[in-house]
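Colleague: Residue strings, one per chain:
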Amino acid sequence: MRTSPFHKNFAANNATFANRFETEIVSRVGDAKNEYETIRNAAGITDFSFMQRFRFPEEKGLDFLDSLCAGNVAKLRFGRILHTFLADDDGMIIADCYIANNDEEFILLCESIADDDAVVQLLLSRGAAEAGMEDLSKSHALLSIDGYKAWAVAKELFGADVLGLPYLSIERYEYNGAGISLFRAGKTSEFGYLLLVEAGKTDLLFDACLASARKISGGLCGIDIHNDLRLEGRFFNVFAEGVLVRDPLELGLQWMIDFNKEQFAGRDAIAARRASGLSKKIIGICAAADVSGFTKGATIVNGNDSVATIVATCFSYTLDKFVGLALFSVDCAYAGLSFNLGTGEGPKVSTISMPPIMPKSLTVKLDDM
Amino acid sequence: MTETMQKEIEQRREIINTFKTELIRRLNLPYTPDDLHEDVALLGAGLGLDSLDALEIVLCIENSFGIKIPDENIAVLRSINTVVDFVISQKSKKEGQQ
Amino acid sequence: MRQRVVVTGMGVISSAGKNCEDYFKSISNGIPSFSPIARPHLSHFRATHAGLITEFSESSVPHGETLASQDKFIRFAAIAAQEALAMSGISVSKTSRRMGLLFATCSGPMQTIERHYMRLADGDETLTKEQLFAKRYYSGAMLLSRAFGIAGMCATVTTACSASLSAIGFAADLIRLGLADAVLAGGSDTFSETTLAGFDGLKATVDGVCAPFSKPIGLNLGEGAAFLLVESMEHAKARNAEIRAEILGFGLSNDAYHCTAPDPSGNGQAAAMERALADANTAASRISYVNAHGTGTEANDKTESRAIKKVFGSAGANVPVSSTKSMIGHCLGAAGACEAVASVLCLTKGILPPTANYSESREGCSLDYVATPGRAPAFLGPMLTNNFAFGGNNASMVIRANGPFDKCNDAGDTGSRTAEAVITGIGLVSAAGIGIEPFVDAIAKNKKCFVNAGLSEKNGYDIGTVPDFSMQEIDRRLDDRNMDRSSRLGLAAARLAMLSARIGERQSQRKDLGLYLHLSAGPSWAEEEHITSLLREKFAISQVNAFPFIVPNSVSGNICKSIGLSGHNTTLCFGPGAGIMGLGFAAQAINANHTEALISLSVDELSKRILSDICATGSLSDLPYPYAEGACGFVVESRDHASRRNAKILASLCSTAYSTKINSEDDPVALLCSTIDDSLRQANIAASELSCICCNLKNEHETAAISRILQTDDCHRIDTASQLGFAEATLPLYNLAYSLLGSGFGYASSKNYILVVFSSDDGINCSTVIRKEP
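Chains as they are written, first to last, in our numbering: chain A, 1 to 369; chain B, 1 to 98; chain C, 1 to 774.
One or more of the hints may lead you astray.
[Stated by the list, open to error] Below, a list of computed lysine-lysine pairs in the BS3-like style, where the Cα atoms sit at most 25 Å apart:
#1 A:Lys-365 - A:Lys-155
#2 C:Lys-203 - A:Lys-365
#3 C:Lys-538 - B:Lys-68
#4 A:Lys-360 - B:Lys-68
#5 A:Lys-348 - A:Lys-321
#6 C:Lys-772 - C:Lys-445
#7 C:Lys-203 - C:Lys-215
#8 A:Lys-33 - A:Lys-321
#9 A:Lys-348 - A:Lys-296
#10 C:Lys-349 - C:Lys-25
#11 A:Lys-280 - A:Lys-296
#12 A:Lys-33 - A:Lys-360
#13 A:Lys-75 - C:Lys-511
#14 B:Lys-7 - B:Lys-20
#15 B:Lys-20 - A:Lys-261
#16 A:Lys-261 - A:Lys-60
#17 A:Lys-280 - B:Lys-20
#18 C:Lys-203 - B:Lys-20
#19 C:Lys-129 - C:Lys-698
#20 C:Lys-203 - A:Lys-360
#21 C:Lys-215 - A:Lys-360
#22 C:Lys-648 - C:Lys-772
#23 A:Lys-215 - A:Lys-360
#24 C:Lys-608 - C:Lys-129
#25 A:Lys-360 - A:Lys-155
#26 B:Lys-7 - A:Lys-348
#27 B:Lys-68 - A:Lys-365
#28 C:Lys-203 - C:Lys-538
#29 A:Lys-155 - C:Lys-309
#30 C:Lys-698 - C:Lys-445
#31 A:Lys-365 - C:Lys-215
#32 B:Lys-91 - B:Lys-7
#33 A:Lys-60 - C:Lys-511
#34 B:Lys-93 - B:Lys-7
#35 A:Lys-365 - C:Lys-309
#36 B:Lys-68 - C:Lys-203
#37 B:Lys-7 - A:Lys-280
Calculated directly from the structure, the hints in this document are not laboratory data. Predicted model only: the values in this text are computed from it and were never measured.
Please model the complete structure; the sequences and the hints are all you need to start from.
Modeller: Rendered as structure tokens:
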């Protein structure tokens, strides 16, 4: 199992750890509701070192990544990040990817439902070595700052220019002698920053982030709460719905694909499925707070007919009810309908429009700060 | 499937299709209507549209459905589904008034 | 040594006054001058007020015999120009070709254009040559030159809302470099209903009256014109002219970010200010006042405030800032000149003009905004004035107002040396195809690259169109999705030029790379789309995605964004021959050290609208060659810069001379000969040193002038029009490109000079001397 360079920092703060695809993750730091509110109202610091990360030199990296991932890497502008995915030959998703264009290099960040070895083997089998791939998964660490006031932490550490960064951009900063690549990204629908730093230079950064976050009532968070926040914001989560549904078309991730591209991993299989049309897709659902059995794998029925399977759930503290995603047959995959959980007499489950909540961050204009 | 549900689906499908077709035409998006999942984010993440596109979407809704979106109501423009919800709610309001 | 650049005359017409005296009274007292728009068919707009020029007396228009029937933007301009010339007391006829005109406009003859679309909507497709000319952005400059007898350069700057400040800056360069003694520079724009609809659709307008940096948020449109008579200190002193201000420096940049919204980081705007300060050799801490672009929109005021803070550092909170638009509205292409005039008039009297209607600062705006009644500090250092525009164009200028309150005892920076401009790369997009190879091949083998356009009348006309091409084959990293034709052609040529010069190979190396775009007529799709949709819908706004692209500089904006060019940037509409005239401008940008490298780009598109217009006038059949589209880019850089990066230098740009035929009875051949002489003299060479001449062999004036200049005829003539057609702006550049790329012109060591001659039917001449690198 790969451990994180931030392990000791989180361990010292009573974090709970878990193993996910042979990578250690910080699953929780304290109470879930607290973590939720930390991010929705302040700033949460989370260890994102579980993401596999790779560096590629520009010219070779461009060819390699463009022929690998579904999105158009060639058209990614300097200083910007592409959100796309990596699929296998069957066109099934293996990893949710950020690709950042840092001019002389590309940085690939992966959230994978495969362990490090499998991901590296896959990349190597497609020519990553020839493309000059450098694996940063062990040499570097990733710390994320997310939340309604996450910008205040980033501003304190890196200066006011951080506020001008558009969503999905990359910028380099120096912090106490450590070179840091800052990814303006995030999947909580609040402000989000991912900091890539050398493994040996993590302590100062961690302390500064935590101290800054605490000033605004922020603190440390685990990964589990991110699963809930992603679902509330309808961000694709490869570790939730992505485990059960791996077809990008059923997941509604067509926007991550450049269908005009002649080559990327899984292209032919995806193109064939696209041509024949979808029979299922995931849509949002919700159920009252007192419903039991609103869990992954549960069946949703319409009368006696089974119409969907639940693939992701969470309890929304904002809405005070359960929300989730279910894989529906397309003829009834519409928001605003009522079904039952398990049997025709089961509790009511409604299909809903996503995202179901309006995060405060969307009402804030950073350039006012 | 009950008749009511069929009707609801039919109404929603029609609005979705009209909106998607217009959205693709006006913004010249490189997708077919089937490619656009109704929950995909319109602005920022997802389709990554910008503020000018947002204005175009507002006009698209005005022209396609005769429904105005107040300037500050950014919550409506989060996804195709949130737009469609708004259109349906405004339509039923109008029908209620008649 | 560089010449010092002074202002000796100013003229203005706006809602706040029809001359400098009235204008000063309103502005210095902070009196807004908006009136209700009050047009029933526009009553659904959010905008209710505009800075309109009321009680406009036609008899006040000078040279009424020729100008009274022209579009209002020309009449406004004539009034302001007349006042500036009169105030300066300059004798225009005495300065002859040593005086030029730099005219800026955003919307140009928009009222004339609107009327044309109304006729089209009524099914009237007729269009005379005069009507077509009147629709062109460059018509104003040509008519003004003729009316006032300005015989030197005649150019039109079309960078939308930053245009007139840029025009004043270019005028300053011409003076500094000794290329002119005096230049009349300024801009003009009129209130247009379709323009108002555009801003209203973008939700940029305010209900009522604007309050820049305060509330309510939004802008008022204005209208008007302003001109400055810019002169060399030497020339002004020699004729004992009163010196009203000195132009110390200016800076330009492109955001390379978005067609309408400013880059919220403020980096692009800050770059323009920093370049202006560097050009003036002045520290930000010495600036006493900033006349902001200050439109009143949320995006502008916030971004501009951030950019000012960036440039001024800790002093940013203390520098007084105000917006003249709070009183006259946004005069678009005239804004820069109107605001420069306002600033100089006030600062000369020791007054910092206020921002009318300013109560408290709005969110994101935290500078020292001057509220009514303005301020009167004891002494003043130099000021900075800003204008920003659609298409990402940013302009900033450092000016010193002369007078008893002036504490700038230092002279303008006269010591800077000038840099030599060289060509290091060529990008070609022509009817022959993409790149150098098909281009050279077509000319060498005399291939006629034309297709039948199938335009009405008998057998239809041939035109030269650029064959279909994929942008990704040029550079797969270029995104040309949703780009109009002009932008695509220009993008291809610009990128090809960069590739051939091996410049900006890394995306991060393009930050300081500039782009000059030179057009004849500009793109037409957005204009047609926006105006016809409004006319059809009776001014109900049904779309907003065409309006941002009406302005010609939207083409440059698209290209800059796609390649990532955020350096020195402008767009000029010279009319026919724009490419070669603009190449001279690009050389001046290098000479004056504004940038170390830029792409000088010329674009022609033959859209259906443009062809139909030309066809309607019947002039398709008049032309000896088929009309053509295309684009040509030259990478122009300083010799130092090229040497530092070991670039292969193709040629050096020695000189460019311009002239304008101001009287119909003048002998065009004699004038063209004088212009060629001017260019040879500036380049310090004799006609006998020319090895080849690029010209239009079917233009009698050009061939006659060339024969007269050349003593012996051992000189090659290059004219690619019979193979590639008549691309209005680009043709002279095709000729120049062929003279550099083609073989067999027998360049001997003593004869490696090339002359490019261009003379338009409108009486605009240009002669350029280029030295092929041995």
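Colleague: Please work out if C:Lys-215 and A:Lys-360 have their alpha carbons no farther apart than 25 Å.
Modeller: 24 Å, holds
Colleague: Mind checking the alpha carbons of C:Lys-203 and B:Lys-20 for me, to see if they're no more than 25 Å apart?
Modeller: Status holds; Cα separation ~24 Å.
Colleague: Is the hinted pair C:Lys-698 and C:Lys-445 satisfied, with a Cα-Cα distance of at most 25 Å?
Modeller: Satisfied, since the Cα-Cα distance of roughly 20 Å is no more than 25 Å.
Colleague: Check the hint pairing C:Lys-538 with B:Lys-68 against an upper bound of 25 Å on the C-alpha distance.
Modeller: 18 Å, holds
Colleague: Holds or violated: C:Lys-772 and C:Lys-445, Cα atoms, limit 25 Å.
Modeller: Between C:Lys-772 and C:Lys-445 the Cα gap is close to 23 Å, so the pair holds against 25 Å.
Colleague: With a cut-off of 25 Å on the C-alpha distance, tell me whether C:Lys-608 and C:Lys-129 pass.
Modeller: Given pair C:Lys-608, C:Lys-129 holds - Cα atoms ~17 Å apart, limit 25 Å.
Colleague: Checking one constraint from the list: CA of B:Lys-7 to CA of A:Lys-348, max 25 Å. Satisfied?
Modeller: Distance of about 20 Å is within 25 Å: holds.
Colleague: Sort out whether A:Lys-155 lies within 25 Å of A:Lys-365, counting only the CA atoms.
Modeller: Since the Cα atoms of A:Lys-365 and A:Lys-155 sit roughly 14 Å apart, the hinted pair holds (cutoff 25 Å).
Colleague: Could you grab the alpha-carbon distance between A:Lys-360 and A:Lys-155 and see if it respects the 25 Å cut-off?
Modeller: 19 Å, holds
Colleague: Does the structure keep C:Lys-129 and C:Lys-698 at a Cα separation of 25 Å or less?
Modeller: 20 Å, holds
Colleague: Below or equal to 25 Å on CA atoms is what counts here, so check A:Lys-280 against A:Lys-296.
Modeller: 17 Å, holds
Colleague: Between A:Lys-280 and B:Lys-20, does the CA-CA distance stay at or below 25 Å?
Modeller: 19 Å, holds
In the structure shown, no violation is registered for any of the earlier numbered hints.
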